[in-house]
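Chemist: Protein chains in written order, with our numbering: chain A, 1 to 522; chain B, 1001 to 1188.
In case anyone wonders, no lab produced these hints; they're calculated from the structure.
Where hints are given, some of them may not hold.
Stated by the list, open to error - Below are the DSSO-like pairs computed for lysine-lysine, each with C-alpha atoms no more than 27 Å apart in a straight line:
(1) B:Lys-1093 / B:Lys-1139
(2) B:Lys-1093 / A:Lys-352
(3) B:Lys-1151 / A:Lys-352
(4) B:Lys-1152 / A:Lys-489
Unchecked claim - If you want a taste of the chain B side facing chain A, the calculated C-beta under 10 Å gives, among others:
(5) Arg-1106
(6) Leu-1108
(7) Arg-1111
(8) Glu-1115
(9) Ile-1117
(10) Gly-1119
(11) Asp-1122
(12) Val-1124
(13) Glu-1129
(14) Thr-1130
(15) Ala-1132
(16) Asp-1136
(17) Tyr-1174
(18) Leu-1178
We put the beta carbon where it would ideally sit given N, CA and C, even for glycine.
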Amino acid sequence: MEPSFGIEFEFDLILKNGRRIRDVAPRARRYVYGWDYQDDHTCAVELRSPVFRGLDHAVSEIERQFNYWCDVFQDVAPYPYSVNGRSLGMHIHIGLPNRCLHYHEVDVVGKSVANVYPFLAALQCQPVPSERILRSAYLRPLWAYDYEITDDDHYAEINFNAIGTVEFRIFDANVPQVALTNAWIMREIAKVMLENQNSDVGVNRERYRHDRNMAIRYGLKALNILNYLQMIKDMIGNVAIPSYPFIRELLYLAVKYRMNAWDIMRAVTQSLGTKEFEYFRAMFKNPRDFMSNVMSVINNSMHDVVDERCKQIILDALENSRNLNTLDDLIALARTFAPEVPSIYVIPFHSKNLPSRSYVKRCIDLHYYRVCRINEVDNTPYDDVASRIHYLMRHHGDGFVNVLSPEDVINRPERFYVFVVPDPDNRREVVLGCIAVRMSTGEISSLVVDRRYRRLGIAKILIKTVMQVFDLHYRNSSRPILHGYVKKKNEPMINLLRSMGFVIEPFNQDVYRFRVAVKESD
Amino acid sequence: MVGGKVLVYDLVSENHRALRNTPLFGKVRAVRIKCTSMLYKLGIPCTESVILINSSHAERISETIEMVRELYEDVLHEVNNALGVRLPEPVIKVLDITQDQYQVFRDLAERRLRESIDGQIDRVSMIIETVADQSDQNKRRSIIHSLKKLKKEWVRIRNSCLEIGINLEDEINYLLDLIDQAINALYS
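So here's chain A without its partners, still in its complex pose (with noise of 0.2 Å):
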């Protein structure tokens, strides 16, 4: 029995005029025999499909959904984009037409996909960053589960969802077209492992870790996508890629340029100024194809303005896709454009766009920041914050401090406090400097504070956070002595430890060692 697969639809909804339209839209639920809608305040439209026993299958009910949606609806068309904030996903469940799966399905299913769910992500990740799946609360990581499927957690990336299926929820809301390349590839990684039955399939959780993360920060550019393909052909071996254009031509755009279909709709609508409604009623009542849409609502445009590289780019999909027959030809392009991958991050996510120091200073003179544990960043996961610090140490820290791992930093002994401001758009939590001291020994083993907010008061903020804690903590018991070492060098920080009434002492030739200062009655 080859397995089957479904698709639940999230959108927007966008007007002639360029207008969208957010609220739930209850009248925006129709949908022909088969299809069905399902309540979501996420977004204005949900539909579910109904369950496709293959990929022409699917395509020809999409289609029919569709034209019918968009013979209702002629002003309105589709928008799966999350622009502005909004969380807008597309979830595929792979199964059986006849059962459910049984659990050890499930697994062996879920994990030989979990080990190229990056790359599948990143095809359908929009836009870049994904917002959705770096701060969605509907979404949590495979790795909050010990890289197991579970059957608890209904928003597990990957679960077992209640109607026997497996369910894939990582994917951004895109248009019908990579939904259908994903679903494909799934689809046939599902077949051979539901064949096989082989029940050793593992997760490679280092790679998953840091791929996946890469893949929603920065796309289809921070990955080794030659090794992706090769994962994918060793697991369904040199199958033919279906004829579809639009399979080729997006797999074509990935492998090639590193771009996927949010970069295409960017490049094209933003040429076209608003032309976005025009764009989506393409792709969505004509599923078969993609460049060809592209095409046709750059031949509607009254002008000629799509510039040059975007032209020959998808040109050069249309043209060239059609020789990819099968993966072999596919990895044998990707080794050929394996060198164009660009380094490109060299200033990660967590560190760009901070907010500017004028800024800071009146956060801070108002009173509106915090100082919190790793754990307690809003709208952050923790290990976005610990390598907020790893990089804060390693590119902040003037040689003195050590440079710890990410990992360092979630499992080490020591505490970790960071000083944190809202980002003026509200959204999250700047992590702007950071404390770490070892409460059984009273050791300050790290301070750092970004060099963009120096001498802002935000050292002796934490310092002194440190210094209540450290009082609350041995309230009634006797206490290590609250200290640390300086360089010599750093008169900045020497003179508000001075300030602060810390005692500085000789420690070697270049450093000092500070602590406070014992009372009396102590």
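Could you slot chain B onto chain A? The hints should help.
Modeler: Only chain B this time, still in chain A's reference frame:
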């Protein structure tokens, strides 16, 4: 009650229709940039085309204005000869303002400077953060050169601020320290 002076100007830009796709486009652009930079050196810009100036340098102000006029005269003459188009001459006026007006312009200048300092601190911090990745010696030399130029410019702005009474010395000093750190990091 007189509080100070502002200099307002309107210089012909290279975006004039007559200059499009002509070799004089670049020349007019170069003159405009040079003249704007000369005028900016007289004080602190408050908004586009308005500069808060220190009236104690009356001689320097009139000399600079004269030089700008001469530079423009030459280039406009050339444009007239080559294209037969008479572009408008630059308008540069020095206006006396009252104490209240002076206060308003000073606040505007301060706000603009703060934004500029924020931007420069961010830029220089970024240079320090990525210095280890910068292995191209020519690129390093070029960054050092631009940082030295930047430092010189901010020393001048700091002095102008002191003369005009804008209190941003600490912030500018911090920026200058950061520039020094970046230069040292690039040399090492």
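Chemist: Can the restraint linking Lys-1093 of chain B and Lys-1139 of chain B be considered satisfied, given a maximum Cα separation of 27 Å?
Modeler: Distance of about 41 Å is beyond 27 Å: violated.
Chemist: So, as I understand it, the hint says Arg-1111 of chain B touches chain A; can you test that by seeing if any CB pair is closer than 10 Å?
Modeler: Holds, because the Cβ-Cβ distance from Arg-1111 of chain B to chain A comes to roughly 9 Å (cut-off 10 Å).
Chemist: Restraint: Leu-1108 of chain B near chain A, CB-CB cut 10 Å. Satisfied or not?
Modeler: Check failed: Cβ of Leu-1108 of chain B comes no nearer than 15 Å to chain A, outside 10 Å.
Chemist: Could you check if Gly-1119 of chain B really has its C-beta closer than 10 Å to a C-beta on chain A?
Modeler: 8 Å, holds
Chemist: Does Glu-1115 of chain B pass the interface hint, meaning its C-beta sits closer than 10 Å to a C-beta of chain A?
Modeler: Interface hint status for Glu-1115 of chain B: holds (7 Å vs cutoff 10 Å).
Chemist: When the nearest CB of chain A is found for Ile-1117 of chain B, is that gap smaller than 10 Å?
Modeler: 7 Å, holds
Chemist: With 10 Å as the cut and Cβ atoms as the points, is Tyr-1174 of chain B at the interface with chain A?
Modeler: 6 Å, holds
Chemist: Given Val-1124 of chain B was flagged as interface, is its beta-carbon under 10 Å from a beta-carbon of chain A?
Modeler: 9 Å, holds
Chemist: Let me know if the C-beta of Ala-1132 of chain B comes in closer than 10 Å to any C-beta of chain A, holds or violated.
Modeler: At about 9 Å, which falls below the 10 Å cut-off, the nearest Cβ of chain A leaves the hint on Ala-1132 of chain B intact, so it holds.
Chemist: Does the structure keep Lys-1152 of chain B and Lys-489 of chain A at a Cα separation of 27 Å or less?
Modeler: Satisfied, since the Cα-Cα distance of roughly 25 Å is no more than 27 Å.
Chemist: Does Asp-1122 of chain B hold up as a contact with chain A if the rule is Cβ-Cβ below 10 Å?
Modeler: 6 Å, holds
Chemist: Are the Cα positions of Lys-1093 of chain B and Lys-352 of chain A separated by 27 Å at most?
Modeler: Given pair Lys-1093 of chain B, Lys-352 of chain A is violated - Cα atoms ~42 Å apart, limit 27 Å.
Of the numbered hints given earlier, the model fails hints 1, 2, 5, 6 and 16; all others are met.
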